[in-house]
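Q: Sequence:
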Amino acid sequence: MPFPPRVGALIAAVATAAALAVPPSPAFADPEPGGSDTSAVSAESADASAASAEHSAVWSKRPQTVVLDGRRLALTRLGVHAIPDLRRQLKTLTAQADGWLTKGPWSVTHKPQLPPSGDKHDYLSEAPYWWPSKPKTPDNPWGCPYIQKDGVRNPAIDEITDHEERGEMFNAVYTLTLAWYYTGKAAYAERAALDLRTWFIDPATRMNPSLNYTQFIPCRVTGRGIGIIDFSQQFTDILDATAILDLGAPSWTKADHDAMQSWNTDFLNWLLTSKNGIEEAAQKNNHGSFYDMQNAGLALAIGQPDLAKQIVEESKAKRLDPQLAADGTQPTEITRTRSWHYSTFNLVALTRLAAIGQHVGVDLWNYTTPQGGGLFKAVDYLLPAATGAAPWTLPELEFYRFAASDIVHAAADQGDHAARKAIGSLEAPPGGDLWLLRPAVEQLDAIG
Numbered sequence: 017m018p019f020p021p022r023v024g025a026l027i028a029a030v031a032t033a034a035a036l037a038v039p040p041s042p043a044f045a046d047p048e049p050g051g052s053d054t055s056a057v058s059a060e061s062a063d064a065s066a067a068s069a070e071h072s073a074v075w076s077k078r079p080q081t082v083v084l085d086g087r088r089l090a091l092t093r094l095g096v097h098a099i100p101d102l103r104r105q106l107k108t109l110t111a112q113a114d115g116w117l118t119k120g121p122w123s124v125t126h127k128p129q130l131p132p133s134g135d136k137h138d139y140l141s142e143a144p145y146w147w148p149s150k151p152k153t154p155d156n157p158w159g160c161p162y163i164q165k166d167g168v169r170n171p172a173i174d175e176i177t178d179h180e181e182r183g184e185m186f187n188a189v190y191t192l193t194l195a196w197y198y199t200g201k202a203a204y205a206e207r208a209a210l211d212l213r214t215w216f217i218d219p220a221t222r223m224n225p226s227l228n229y230t231q232f233i234p235c236r237v238t239g240r241g242i243g244i245i246d247f248s249q250q251f252t253d254i255l256d257a258t259a260i261l262d263l264g265a266p267s268w269t270k271a272d273h274d275a276m277q278s279w280n281t282d283f284l285n286w287l288l289t290s291k292n293g294i295e296e297a298a299q300k301n302n303h304g305s306f307y308d309m310q311n312a313g314l315a316l317a318i319g320q321p322d323l324a325k326q327i328v329e330e331s332k333a334k335r336l337d338p339q340l341a342a343d344g345t346q347p348t349e350i351t352r353t354r355s356w357h358y359s360t361f362n363l364v365a366l367t368r369l370a371a372i373g374q375h376v377g378v379d380l381w382n383y384t385t386p387q388g389g390g391l392f393k394a395v396d397y398l399l400p401a402a403t404g405a406a407p408w409t410l411p412e413l414e415f416y417r418f419a420a421s422d423i424v425h426a427a428a429d430q431g432d433h434a435a436r437k438a439i440g441s442l443e444a445p446p447g448g449d450l451w452l453l454r455p456a457v458e459q460l461d462a463i464g
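Residue numbers (the numbering used here): 17 to 464.
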């Protein structure tokens with residue numbers, strides 16, 4: 017995967033700091049058969065041979081990530097202590113990681129409620145935008161019937177702990193793993209490994225690899241396909257984290273790797289064949305985008321690149337064509353009461369899907385829909401509001417300018433000139449700007 021134009025200066029600085037030359041693409045490929053014999057190295061080529069050996073050592077730290085660019089991570093790792101911008105972001109990252117060292121581990125078995133299956137190992141969550149319409153009484157303990165208030169979150173859903181614990185676990189594992197990768201501090205990897213084993217592997221605490229009871233609505237339905245977004249919005253962070261840990265992280269074993277691969281395989285099979293999975297696949301808005309993104313990432317992670325490529329290629333007609341209008345708007349998102357949130361949210365899914373596409377040879381960034389839409393236009397439509405140059409005029413209950421910051425970074429890295437100019441006017445998210453250390457779009461304004 018070629019480096020985005022905007023990071024060329026950074027890569028050059030990294031290479032200089034490490035006294036290395038950036039290798040051509042594909043990186044550090046083996047010599048072609050019949051190439052020159054290097055068994056007798058001349059004195060004048062000794063320095064080059066030493067550099068080549070160091071290149072190989074560096075590339076042994078190139079993770080096989082599904083969203084993040086492993087090559088870019090490996091080069092960033094070289095300069096993380098030498099380049100001021102990287103040092104500043106590393107300080108922010110490690111401060112966050114330090115906070116996660118004493119939290120968790122988390123498990124679906126912690127919740128006080130039983131799912132309809134009677135098995136606490138099944139994930140359970142309640143629909144966030146549904147509210148009781150009657151007072152709760154002994155005869156009507158839920159206050160049914162429930163009514164929908166789009167974009168208005170019911171705080172009662174937090175009484176079921178799976179959703180919150182899942183979110184904290186995802187964030188902890190991703191942050192701790194990146195902190196270990198850039199610092200080598202064993203405690204970070206050891207804690208991430210414990211968190212992963214507790215949630216996914218340990219028989220006493222593991223989650224079953226299915227989502228049958230997500231976003232249930234009291235007195236209406238025990239689970240819904242659209243509840244899959246509880247996982248799909250961020251699960252690819254876990255895929256990238258485990259790929260990084262697979263480089264040889266302390267306390268992360270081959271048995272752990274194999275167990276995660278087995279869980280991922282079973283989960284993808286459930287997503288592709290279950291009633292809820294099939295239901296979510298049919299969604300036309302951000303739900304469908306995240307579903308495809310998660311499935312493509314899972315397929316790539318478990319060694320099915322052809323399936324990943326198929327999912328990304330088919331997303332052009334299934335997702336981008338109906339979702340990206342020629343004027344840059346996203347018709348399935350702008351009618352919501354939180355149109356800014358959902359416009360940025362859908363682009364989290366589509367830009368991460370585009371990153372997966374780059375791993376399998378499918379270019380979504382430069383794809384143009386039959387109507388003339390595309391990812392660059394969709395990002396550029398956000399720029400006036402993202403930079404504070406103009407207000408967001410569509411419906412929005414709670415506007416956060418920083419919600420678009422990662423998306424703008426991603427477009428700028430892919431060569432969007434307007435996005436590049438906007439970088440200096442972006443609002444940093446509450447946790448700080450970590451783009452250079454984890455250059456993959458995250459949802460920055462979680463509703464909660």
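These are calculated hints, taken from the structure and not from any lab test. Each hint should be verified, as a subset may be incorrect.
[To be verified] Straight-line C-alpha distance at most 25 Å; calculated PhoX-like pairs for lysine-lysine:
hint, residue 1, residue 2
1, K77, K270
2, K150, K136
3, K119, K107
4, K325, K437
5, K300, K270
6, K325, K136
7, K77, K107
8, K77, K165
9, K334, K393
10, K325, K165
11, K291, K334
12, K152, K165
13, K119, K201
14, K300, K201
15, K300, K334
16, K300, K393
Q: Confirm or reject each hint.
A: Evaluated hints:
1. K77 - K270: holds (17 Å)
2. K150 - K136: violated (29 Å)
3. K119 - K107: holds (20 Å)
4. K325 - K437: Given that 25 Å is the threshold and the Cα spacing comes to 32 Å, the pair is violated.
5. K300 - K270: Not satisfied, since the Cα-Cα distance of roughly 39 Å exceeds 25 Å.
6. K325 - K136: violated (35 Å)
7. K77 - K107: Holds, because 21 Å separates the two Cα atoms, which is no more than 25 Å.
8. K77 - K165: Distance ~48 Å between K77 and K165 Cα, so the pair is violated.
9. K334 - K393: holds (18 Å)
10. K325 - K165: Not satisfied, since the Cα-Cα distance of roughly 38 Å exceeds 25 Å.
11. K291 - K334: holds (19 Å)
12. K152 - K165: holds (18 Å)
13. K119 - K201: Holds, because 17 Å separates the two Cα atoms, which is no more than 25 Å.
14. K300 - K201: violated (43 Å)
15. K300 - K334: Given that 25 Å is the threshold and the Cα spacing comes to 8 Å, the pair holds.
16. K300 - K393: Answer holds: K300 to K393 is near 20 Å, not above 25 Å.
Hints 2, 4, 5, 6, 8, 10, 14 from the list above are not met by this structure, while the remaining hints are.
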